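Number of protein chains: 2
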Amino acid sequence: MINSKPYVIGIDMGGTNTVFGIVDARGVVLASDSIKTRKHSKFEDYIDELYTETMRLVRSVDAEDKIYGIGVGAPNANYFTGMIEDGVNLPWPTPIPFAQMLSEKFGIPVAITNDANAAAIGEMTYGAARGLKDFIMITLGTGVGSGIVINGQVVYGHDGFAGELGHIIVKRNNGRLCGCGRTGCLETYCSATGVARTAREYLEITDTPSRLREIPIEDITSKDVYDAAMAGDKLAKDVFDYTGKILGEALADFTVFSAPQAFVIFGGLAKAGDLILKPVREAMEKNMLSIWKGKVQVLLSELKEADAAVLGASALGWEARKATQTPPAVVSPTPLKA
Amino acid sequence: MINSKPYVIGIDMGGTNTVFGIVDARGVVLASDSIKTRKHSKFEDYIDELYTETMRLVRSVDAEDKIYGIGVGAPNANYFTGMIEDGVNLPWPTPIPFAQMLSEKFGIPVAITNDANAAAIGEMTYGAARGLKDFIMITLGTGVGSGIVINGQVVYGHDGFAGELGHIIVKRNNGRLCGCGRTGCLETYCSATGVARTAREYLEITDTPSRLREIPIEDITSKDVYDAAMAGDKLAKDVFDYTGKILGEALADFTVFSAPQAFVIFGGLAKAGDLILKPVREAMEKNMLSIWKGKVQVLLSELKEADAAVLGASALGWEARKATQTPPAVVSPTPLKA
Chain A
1 MINSKPYVIG IDMGGTNTVF GIVDARGVVL ASDSIKTRKH SKFEDYIDEL YTETMRLVRS
61 VDAEDKIYGI GVGAPNANYF TGMIEDGVNL PWPTPIPFAQ MLSEKFGIPV AITNDANAAA
121 IGEMTYGAAR GLKDFIMITL GTGVGSGIVI NGQVVYGHDG FAGELGHIIV KRNNGRLCGC
181 GRTGCLETYC SATGVARTAR EYLEITDTPS RLREIPIEDI TSKDVYDAAM AGDKLAKDVF
241 DYTGKILGEA LADFTVFSAP QAFVIFGGLA KAGDLILKPV REAMEKNMLS IWKGKVQVLL
301 SELKEADAAV LGASALGWEA RKATQTPPAV VSPTPLKA
Chain B
1 MINSKPYVIG IDMGGTNTVF GIVDARGVVL ASDSIKTRKH SKFEDYIDEL YTETMRLVRS
61 VDAEDKIYGI GVGAPNANYF TGMIEDGVNL PWPTPIPFAQ MLSEKFGIPV AITNDANAAA
121 IGEMTYGAAR GLKDFIMITL GTGVGSGIVI NGQVVYGHDG FAGELGHIIV KRNNGRLCGC
181 GRTGCLETYC SATGVARTAR EYLEITDTPS RLREIPIEDI TSKDVYDAAM AGDKLAKDVF
241 DYTGKILGEA LADFTVFSAP QAFVIFGGLA KAGDLILKPV REAMEKNMLS IWKGKVQVLL
301 SELKEADAAV LGASALGWEA RKATQTPPAV VSPTPLKA
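Residue numbers (the working numbering), protein chains in the order written: chain A, 1 to 338; chain B, 1 to 338.
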């Protein structure tokens, strides 16, 4: 029975693209593709296109009757309720009963969680966190997300929303305005957008020469800052040092909570490598409570960038079947409508 | 078999007193007593006195062959290793193999954890957190401790030390020096000693009239500040507002980590009641990420003050027997040497 359903579908809904793929039990992505998340003004039309394109992929690898379940990573997705909850930047009214709608459409069980939790599950199943029971995934993208794993289990909290470490307050006074409406959140400093904001601040406040001054200030992206830093630009390197310092200080604080063996860094900014990892590790160690000094690792994700999102989501697909006892998030399986 | 061993021993080792008691399965403390923790310069002599006095208590309630296990709450006690680890203010060299020594002395299994985790287990078993699977115990005593419960399990982390929320940095710059060697830790503001420090600062910095000015400034305790506030002293009330504000801001940050249903406040400062709870709740709500606004409770411990420490520790005694598979913390039972 298990061998007759050797694949899962992983779906990663991002703000721009929705990536989906067919994955086997070893984490090999047999095929993947994507659609534009915002193309349809009605959510039903988005689901229709997602179904059509995913099933095209399923047929292309001859997997019609071989799909064990679907795992989805989506912004503000609640593992317990299967809903995409309020307060998210999507073109449709929320909450959206995403798990239920997908399961009805595909006729197989669906489990959903937010993108950072999906990444943590993926990393634990296939990546840098294999063998670790206590680690924290930090995703550095447009925002800062996190997936907390304690004793081998993702922490969902009492309501399914735990692990929003991007919204820890790192500047209690005079902090940057966050999309959440508060000020001083970690993600206003340590996301890709935070890096660009820091660069703009440095350019405005100082007279330090920088190749970034050749770019219109509002157009500067974290990629520009990275390119400049790699070319030896001092101001750009200072931006990464500042970003890494704030993140490292935060990681030291997170350690007193769950005493993880490692932090796994994932997402666009992680590509900056030592440019960000070095100041992160330095600041983390400098600020670490003595009992954890030298004991907590900061690792880069080992998931292949192109496959990571789908892999992470797909790993949850194996749970979908197991989780049929907890009804809201997972709808009972019926034959796959291939 | 279970009915033939209906009691556990709870031992709470504090910096000053070690309290111990015999507790039944419903959380009734049949008898309790205490010894001075620092009376003996040799740890073996401390163990001897603890054994003698505890066994006197055991005989007084006719419980010689009825002890299921021993649970201990002690500073820096590690659940996994059974050791009191380094970095603690005790008169003996550390690490101390406390669980093993106690188990050999008493001839029954022993489980140990730090005092705040013991309090959390006690609260979940007998107190305000009955029925809650996700809550965080905050102990406001000489320091600030915490016991984090996620999905019904105490969070120990990869090394047994998780949940040191008193050492979250709440003032990144210019913060107060902490006993841990760093600056700005939560416990330098929100412990009983933190309250006294704040009062001294207020008295030195301002000219506000206060009955606290009648006390030599270095002698002021949190109890003095409490008494003054209850008598309507404005400066003393401001001290509690400031303390509560910092704690409430921290609780809002802790919520993004594990999304608890409640915080349970325990320890000396908790006796200040609304004087501290009101500003805590206000600051927590004001700083809460929107998805949790109005959803997280701040509760006072429901454990009887006199029995709380022993009850909390004793609840772990039931685990000692269950945990015999994980050798380091729990030593195999041999007949009780009564």
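FYI, nobody ran anything at the bench for these hints, they're computed from the structure.
Among the hints, a few may not be true.
Treat identical chains as interchangeable: a pair holds within one or across any two.
Straight-line distance between alpha carbons at most 25 angstroms, and here's what the computed DMTMM-like set of lysine to aspartate or glutamate pairs gives [as the list claims (entries may be wrong)]: (1) K105 to E201; (2) K223 to D274; (3) K245 to E44; (4) K223 to D238; (5) K286 to D62; (6) K42 to D207; (7) K133 to E319; (8) K293 to E64; (9) K66 to D159; (10) K286 to D307; (11) K304 to D33; (12) K133 to D62; (13) K293 to D159; (14) K295 to D159; (15) K39 to E201; (16) K234 to D62; (17) K66 to E204; (18) K293 to E85; (19) K5 to E204.
It should be emphasised that the depicted structure is a prediction, and the values quoted were computed from it without experimental measurement.
Status of the hints after comparison with the structure:
no. : hint         : result
1   : K105 to E201 : neither (48 angstroms within a copy, 64 angstroms between copies)
2   : K223 to D274 : within (15 angstroms within a copy, 51 angstroms between copies)
3   : K245 to E44  : neither (44 angstroms within a copy, 46 angstroms between copies)
4   : K223 to D238 : within (15 angstroms within a copy, 48 angstroms between copies)
5   : K286 to D62  : neither (54 angstroms within a copy, 54 angstroms between copies)
6   : K42 to D207  : neither (49 angstroms within a copy, 64 angstroms between copies)
7   : K133 to E319 : both (17 angstroms within a copy, 22 angstroms between copies)
8   : K293 to E64  : neither (51 angstroms within a copy, 45 angstroms between copies)
9   : K66 to D159  : neither (33 angstroms within a copy, 41 angstroms between copies)
10  : K286 to D307 : neither (35 angstroms within a copy, 40 angstroms between copies)
11  : K304 to D33  : within (15 angstroms within a copy, 61 angstroms between copies)
12  : K133 to D62  : neither (35 angstroms within a copy, 44 angstroms between copies)
13  : K293 to D159 : between (33 angstroms within a copy, 13 angstroms between copies)
14  : K295 to D159 : between (31 angstroms within a copy, 10 angstroms between copies)
15  : K39 to E201  : neither (35 angstroms within a copy, 59 angstroms between copies)
16  : K234 to D62  : neither (53 angstroms within a copy, 76 angstroms between copies)
17  : K66 to E204  : neither (57 angstroms within a copy, 74 angstroms between copies)
18  : K293 to E85  : between (38 angstroms within a copy, 15 angstroms between copies)
19  : K5 to E204   : neither (58 angstroms within a copy, 73 angstroms between copies)
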